[in-house]
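*Asks:* Produce the complete structure using the sequences and hints provided.
Going down the list, the protein sequences come from chains H and W. So the mapping is simple: my numbering equals the position in the first sequence, first residue as 1, plus 33. So the mapping is simple: my numbering equals the position in the second sequence, first residue as 1, plus 33.
Honestly, I wouldn't trust all of these hints.
[What the hints assert, rightly or not] What the simulated footprint calls covered on chain H by chain W, stretch by stretch (three residues with Cβ under 8 Å from a Cβ of chain W suffice, anywhere in the stretch; the number is not a length):
1) 71-79
2) 196-203
3) 313-323
4) 345-356
5) 371-384
6) 422-432
[As the list claims (entries may be wrong)] Some residues of chain W that are not near chain H, with every Cβ distance over 12 Å (derived):
7) L119
8) V136
9) R200
10) V228
11) S290
12) I303
13) D386
14) L387
15) E395
[Said to hold, decoys possible] Chain H side only, calculated, beta carbon under 10 Å to chain W, not exhaustive:
16) S42
17) H83
18) E104
19) L362
20) R435
21) L436
22) P441
23) S444
24) L448
The set of hints was computed from the structure by calculation and includes no laboratory data. Ideal Cβ positions, reconstructed from N, Cα and C, are used throughout, including at glycine.
As a plain string of letters, each chain reads:
2 protein chains.
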Amino acid sequence: MTVVIGAGSGGLTVALGLARLGRKVTLIEGGPVGGDCTNTGCIPSKSLIHLARQGRPAGEALAEVRRKRAEVSSRETELLHGTPNLTLVKGWARFLEPYVLDVQGMRVESREIVIATGSRPAPLEIPGLPPERTFTNENLFSMERAPEHLAIVGGGVIALEMAFAFRRLGSQVTLLVRSDRLLARESARVSPAMVGALERSGIRVLFNTRPFLYADGLMKLRPEGELGGVDAVLLAVGRLPRLERLEVDRAGLIPGSGGLAVDDWCRTDIRGIYAVGDVTAASRFTHSANAQGRRVVQRIALGWLPVGPAAWVIPSAVFSEPEVASVRLARPAAHCRTLFLALKELDRGYTDDLQEGLLELEVEPWTGYLQAATLVAPHASEMISLFTLALAERISLYRLQRLVYPYPTLSEATLRLADEFVRESPGGVRRWLKI
Amino acid sequence: MTVVIGAGSGGLTVALGLARLGRKVTLIEGGPVGGDCTNTGCIPSKSLIHLARQGRPAGEALAEVRRKRAEVSSRETELLHGTPNLTLVKGWARFLEPYVLDVQGMRVESREIVIATGSRPAPLEIPGLPPERTFTNENLFSMERAPEHLAIVGGGVIALEMAFAFRRLGSQVTLLVRSDRLLARESARVSPAMVGALERSGIRVLFNTRPFLYADGLMKLRPEGELGGVDAVLLAVGRLPRLERLEVDRAGLIPGSGGLAVDDWCRTDIRGIYAVGDVTAASRFTHSANAQGRRVVQRIALGWLPVGPAAWVIPSAVFSEPEVASVRLARPAAHCRTLFLALKELDRGYTDDLQEGLLELEVEPWTGYLQAATLVAPHASEMISLFTLALAERISLYRLQRLVYPYPTLSEATLRLADEFVRESPGGVRRWLKI
Numbered sequence: 034m035t036v037v038i039g040a041g042s043g044g045l046t047v048a049l050g051l052a053r054l055g056r057k058v059t060l061i062e063g064g065p066v067g068g069d070c071t072n073t074g075c076i077p078s079k080s081l082i083h084l085a086r087q088g089r090p091a092g093e094a095l096a097e098v099r100r101k102r103a104e105v106s107s108r109e110t111e112l113l114h115g116t117p118n119l120t121l122v123k124g125w126a127r128f129l130e131p132y133v134l135d136v137q138g139m140r141v142e143s144r145e146i147v148i149a150t151g152s153r154p155a156p157l158e159i160p161g162l163p164p165e166r167t168f169t170n171e172n173l174f175s176m177e178r179a180p181e182h183l184a185i186v187g188g189g190v191i192a193l194e195m196a197f198a199f200r201r202l203g204s205q206v207t208l209l210v211r212s213d214r215l216l217a218r219e220s221a222r223v224s225p226a227m228v229g230a231l232e233r234s235g236i237r238v239l240f241n242t243r244p245f246l247y248a249d250g251l252m253k254l255r256p257e258g259e260l261g262g263v264d265a266v267l268l269a270v271g272r273l274p275r276l277e278r279l280e281v282d283r284a285g286l287i288p289g290s291g292g293l294a295v296d297d298w299c300r301t302d303i304r305g306i307y308a309v310g311d312v313t314a315a316s317r318f319t320h321s322a323n324a325q326g327r328r329v330v331q332r333i334a335l336g337w338l339p340v341g342p343a344a345w346v347i348p349s350a351v352f353s354e355p356e357v358a359s360v361r362l363a364r365p366a367a368h369c370r371t372l373f374l375a376l377k378e379l380d381r382g383y384t385d386d387l388q389e390g391l392l393e394l395e396v397e398p399w400t401g402y403l404q405a406a407t408l409v410a411p412h413a414s415e416m417i418s419l420f421t422l423a424l425a426e427r428i429s430l431y432r433l434q435r436l437v438y439p440y441p442t443l444s445e446a447t448l449r450l451a452d453e454f455v456r457e458s459p460g461g462v463r464r465w466l467k468i
Numbered sequence: 034m035t036v037v038i039g040a041g042s043g044g045l046t047v048a049l050g051l052a053r054l055g056r057k058v059t060l061i062e063g064g065p066v067g068g069d070c071t072n073t074g075c076i077p078s079k080s081l082i083h084l085a086r087q088g089r090p091a092g093e094a095l096a097e098v099r100r101k102r103a104e105v106s107s108r109e110t111e112l113l114h115g116t117p118n119l120t121l122v123k124g125w126a127r128f129l130e131p132y133v134l135d136v137q138g139m140r141v142e143s144r145e146i147v148i149a150t151g152s153r154p155a156p157l158e159i160p161g162l163p164p165e166r167t168f169t170n171e172n173l174f175s176m177e178r179a180p181e182h183l184a185i186v187g188g189g190v191i192a193l194e195m196a197f198a199f200r201r202l203g204s205q206v207t208l209l210v211r212s213d214r215l216l217a218r219e220s221a222r223v224s225p226a227m228v229g230a231l232e233r234s235g236i237r238v239l240f241n242t243r244p245f246l247y248a249d250g251l252m253k254l255r256p257e258g259e260l261g262g263v264d265a266v267l268l269a270v271g272r273l274p275r276l277e278r279l280e281v282d283r284a285g286l287i288p289g290s291g292g293l294a295v296d297d298w299c300r301t302d303i304r305g306i307y308a309v310g311d312v313t314a315a316s317r318f319t320h321s322a323n324a325q326g327r328r329v330v331q332r333i334a335l336g337w338l339p340v341g342p343a344a345w346v347i348p349s350a351v352f353s354e355p356e357v358a359s360v361r362l363a364r365p366a367a368h369c370r371t372l373f374l375a376l377k378e379l380d381r382g383y384t385d386d387l388q389e390g391l392l393e394l395e396v397e398p399w400t401g402y403l404q405a406a407t408l409v410a411p412h413a414s415e416m417i418s419l420f421t422l423a424l425a426e427r428i429s430l431y432r433l434q435r436l437v438y439p440y441p442t443l444s445e446a447t448l449r450l451a452d453e454f455v456r457e458s459p460g461g462v463r464r465w466l467k468i
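*Replies:* See below:
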């Protein structure tokens with residue numbers, strides 16, 4: 034029997050995957066089934082973004098978001114109850130010793146345990162800010178109406194996505210960013226592009242600032258300045274692995290600040306104990322949690338199989354307006370050539386009045402093998418898979434240059450950059466290398 | 034010196050490509066520079082679609098479309114004038130004999146001639162319909178305001194794109210389709226999906242019908258029925274190669290009904306005479322005209338180079354709502370397995386209230402090599418390149434299954450179908466074939 038702790042994306046992937054292959058699984062969950070993704074993450078946030086873009090009134094949109102997440106969660110619960118070999122145990126688990134768990138008084142033992150407890154919002158104390166005005170992704174979607182002035186603390190994925198959504202719903206929105214750039218993990222060109230998009234939408238962005246006092250709608254900032262009329266504050270200053278109840282030290286595990294360390298098969302240091310999803314230092318997205326979960330299923334049910342290079346090519350996606358998506362080899366070449374195109378230079382950028390879009394490619398000189406790709410574009414999250422495939426399959430720009438891309442699309446950017454690369458490459462290299 | 038006849042997409046690609054490589058080029062054009070794409074095709078239609086989706090008033094949107102196409106055309110004209118080695122001759126060309134042209138009285142001779150005269154709308158006579166109410170793509174964008182009731186004759190790319198655009202601009206729109214399906218070149222699943230999308234937008238679709246008489250806003254249909262209040266009719270019943278002025282028979286060329294026959298290098302039967310774009314039977318899109326043009330440049334300037342399989346993998350794209358895009362091997366396997374997913378079954382389909390989206394893959398059994406892909410999705414034209422690459426590079430579904438797709442996106446459809454294929458494939462085949 035395999036024990037899976039946590040019924041979020043990663044845990045569900047492992048539990049359902051193993052059960053369908055005929056393995057007995059016990060799935061332990063103290064909160065709602067579906068975890069963050071279904072209840073406080075992707076499902077409500079993407080539903081809200083969609084409804085906000087449709088121009089639906091805020092109160093109606095927020096109510097519809099709650100209806101949708103309840104429907105997904107109950108569908109997932111039904112799915113679990115209808116899956117043979119799978120037992121759902123409602124309760125919070127904690128380790129007593131390496132292979133022994135306590136689930137609110139019940140003792141559960143297994144030599145195979147998968148930790149998938151996810152993450153929670155990092156806390157931030159703002160003196161004077163009352164709890165009913167304090168939001169994180171966990172209670173944001175319980176709002177009944179859009180705030181007058183939403184101050185968002187943070188410059189990451191959640192901060193950006195919710196800034197655009199609440200602006201569309203009619204709120205005044207101000208982003209308070211501690212550092213001097215947005216989406217710090219992305220290429221340096223992304224932040225100025227997103228600042229342009231935010232300001233065009235009427236969202237104010239303040240860099241190098243942090244809130245330190247709140248009183249009667251007035252938010253005081255450090256090192257200077259203040260915001261007036263703030264009736265809601267969204268804290269989006271990062272995520273912490275959700276380990277507080279689990280007592281992993283009793284299992285012999287020592288988590289780092291980013292979470293549990295795992296190898297390519299999601300194995301922790303303790304034999305038979307795996308970890309997937311946000312609770313590991315290796316994943317920040319639902320799709321990476323799912324990918325880890327699929328690998329654990331393979332490992333447990335099918336024995337050892339090679340991981341293959343594709344497993345290390347994990348795209349990122351931000352569902353802002355425009356979207357941001359990127360993908361990068363785990364170990365890119367030491368010296369890369371960077372190619373860059375502003376998408377407004379394309380015909381489709383012109384017909385669609387595109388302002389901030391861009392494609393940036395990092396390429397190994399000579400061979401033309403892609404090392405990384407960054408897209409800022411309306412549908413970047415759908416377009417990035419071309420590059421994920423090119424990276425995973427070691428497809429060079431010489432070969433991407435031979436493809437035919439539909440006209441007029443933003444995908445033509447790839448052809449433009451490939452043309453530039455091939456034009457400037459020493460003649461004959463391609464034929465000599467046979468690539 | 035190379036002579037290029039026609040300054041549309043295909044002709045410009047050849048002329049600019051050769052001139053930049055140092056070859057002397059004479060480019061002959063009787064109409065506006067940019068051809069159909071710039072003046073009566075992609076640029077105005079995609080601009081109109083964009084402005085219509087933004088909710089701009091019809092008169093304003095149509096004026097902006099005319100401003101945009103004028104800007105693109107004058108930019109292209111400037112580009113031509115600023116390109117060394119290139120001479121633009123304004124006038125209509127006709128053959129006197131194989132390597133001799135007459136351009137409105139001027140004699141032009143060359144052993145290397147590229148025909149790129151494009152296509153024109155197929156005519157359709159509707160007795161009683163006055164010229165000022167008769168539109169094709171050639172005069173559609175000169176409208177000052179949206180019609181009250183636009184009848185569109187046809188069920189192809191232009192018909193669908195303009196149906197959605199004019200519905201958005203406020204017109205009542207009725208599609209009159211002669212056969213029993215839309216987009217007849219696409220997979221059979223596409224037509225019912227698009228009918229659903231059209232009807233949801235409030236567009237009426239009548240199949241197996243054709244207009245035969247018009248009087249005072251009343252359009253009589255055959256075999257039965259009539260439409261009232263029709264103040265504009267868009268004829269979109271196909272395209273004919275634009276050969277009427279060229280007198281290609283004097284060059285020894287015998288065009289078929291679809292246009293000039295060419296080989297993979299766009300060579301006609303007469304040595305030194307090439308043809309690219311809509312005037313050939315091998316191209317229906319701007320991007321395929323451009324791809325042909327690039328190949329001609331390679332052939333003329335760089336000598337023989339292998340074409341490679343990518344050259345035969347030409348995607349199609351329809352910019353409707355949702356978009357339709359597909360790609361297919363020129364010679365697919367005789368026996369294919371078809372995999373299909375309705376995109377509303379994906380989480381992103383659910384959050385975005387998607388109704389008609391679909392992904393259909395045709396796959397060689399056992400090996401899992403893709404033979405064709407069809408997408409109906411909001412951004413299908415941007416998503417199709419993943420499949421173009423997979424087809425061109427012979428990447429199997431086994432390998433597409435190992436990729437990580439961002440969550441929640443419609444690209445996950447690929448993973449779902451790949452999972453289904455792998456699950457149902459006989460065990461061990463993959464490892465045995467090493468794919």
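*Asks:* For each hint, tell me whether it holds in the structure or not.
*Replies:* Outcome of the hint check:
1. Only residues whose C-beta sits within less than 8 Å of a C-beta in chain W count toward coverage, and the segment 71-79 of chain H has 3 of them, enough to reach three; the restraint holds.
2. Requiring three or more residues with a Cβ within less than 8 Å of a Cβ of chain W, the coverage given for the segment 196-203 of chain H is violated, as only 0 such residues are present.
3. By the rule of at least three residues with a Cβ nearer than 8 Å to a Cβ of chain W, the coverage given for the segment 313-323 of chain H holds, with 5 such residues.
4. For a cut-off of 8 Å, the count of residues in the segment 345-356 of chain H with a CB near a CB of chain W stands at 5, and the three-residue condition holds.
5. Requiring three or more residues with a Cβ within less than 8 Å of a Cβ of chain W, the coverage given for the segment 371-384 of chain H holds, as 4 such residues are present.
6. Taking a C-beta to C-beta cut-off of 8 Å, the segment 422-432 of chain H contributes 6 residues in contact with chain W, enough for the three needed, and the coverage statement holds.
7. With a minimum CB-CB distance of about 18 Å to chain H, W:L119 clears the 12 Å threshold, and the non-interface call stands.
8. W:V136, annotated as away from the interface, keeps every beta carbon of chain H farther than 12 Å; the closest lies near 29 Å.
9. Non-interface call for W:R200 relative to chain H: holds, since the shortest CB-CB distance, roughly 17 Å, exceeds 12 Å.
10. Distance to chain H confirms W:V228 as a non-interface residue, since its nearest Cβ pair spans about 23 Å, more than 12 Å.
11. No beta-carbon of chain H comes within 12 Å of the beta-carbon of W:S290; the shortest separation is about 25 Å.
12. Chain H leaves W:I303 outside its interface by the beta-carbon criterion, the shortest separation being 26 Å against a cut-off of 12 Å.
13. Under the 12 Å C-beta cut-off, the non-interface status given to W:D386 relative to chain H is violated; the minimum distance is some 7 Å.
14. Listed as a non-interface residue, W:L387 fails to keep its Cβ farther than 12 Å from every Cβ of chain H; the least gap is roughly 9 Å.
15. With a least CB separation of 18 Å from chain H, W:E395 remains clear of the 12 Å interface cut-off, as annotated.
16. Taking 10 Å as the C-beta cut-off, the interface hint given for H:S42 holds, the closest approach to chain W being about 8 Å.
17. Because the closest C-beta pair between H:H83 and chain W is about 5 Å apart, less than 10 Å, the hint holds.
18. The closest approach between the C-beta of H:E104 and any C-beta of chain W is roughly 8 Å, which is under the 10 Å cut-off, so the hint is satisfied.
19. Violation of the interface hint for H:L362 is found here, the shortest Cβ-Cβ separation to chain W being roughly 13 Å, above the 10 Å cut-off.
20. Checking H:R435 against chain W by beta carbon gives a least distance of about 4 Å; that is within 10 Å, so the hint holds.
21. At its closest, the beta carbon of H:L436 sits 5 Å from a beta carbon of chain W; the interface hint therefore holds under the 10 Å criterion.
22. Residue-level restraint check for H:P441 holds (minimum Cβ-Cβ distance to chain W is 5 Å; threshold 10 Å).
23. Satisfaction of the interface hint for H:S444 is found here, the shortest Cβ-Cβ separation to chain W being roughly 5 Å, below the 10 Å cut-off.
24. A hinted interface residue such as H:L448 counts as satisfied when its beta carbon comes closer than 10 Å to some beta carbon of chain W; here the least separation is about 9 Å, so the hint holds.
Figure legend: structure checked against the earlier numbered hints; hints not met, in rising order: 2, 13, 14 and 19.
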